[in-house]
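K.L.:
Sequence:
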Amino acid sequence: MRNAHAALRDSTRLYRNNVPQMMLWLPEEEAGQPKFEFEPEMVRLKAA
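Take 1 as the starting number for the sequence shown in the UniProt record's numbering and just add one per residue.
Source of the hints: derived by calculation from the structure; they are not laboratory data.
We put the CB at the ideal spot given by N, CA and C, even for glycine.
Cβ pair distances, simulated, as ranges:
1. ASN3 <-> LEU26: 26 to 36 Å
2. ARG44 <-> LEU24: 15 to 25 Å
3. TRP25 <-> ASN3: 24 to 34 Å
4. ASN3 <-> LEU24: 31 to 41 Å
5. GLU29 <-> HIS5: 31 to 41 Å
6. ASN3 <-> ALA47: 13 to 23 Å
7. GLU29 <-> ASN3: 35 to 45 Å
8. MET22 <-> VAL43: 17 to 27 Å
9. ALA47 <-> VAL19: 15 to 25 Å
10. GLN21 <-> ARG44: 12 to 22 Å
11. SER11 <-> LYS35: 16 to 26 Å
12. LYS46 <-> LEU26: 18 to 28 Å
13. GLU41 <-> ASN3: 17 to 27 Å
14. GLU28 <-> ASN3: 34 to 44 Å
Required output: the full structure, derived from the provided sequences and hints.
P.N.:
Put into structure tokens, the structure is as follows:
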């Protein structure tokens, strides 16, 4: 179980670093919805 929590923490850190950078490459009209959904999803993952 400890390894599962460590893996989730590592993947969350990866997402928090990479996803905003990837959104910079999207046209503004395409990036709006993922930007809006990203932070609540990170909060949900952190609470898990």
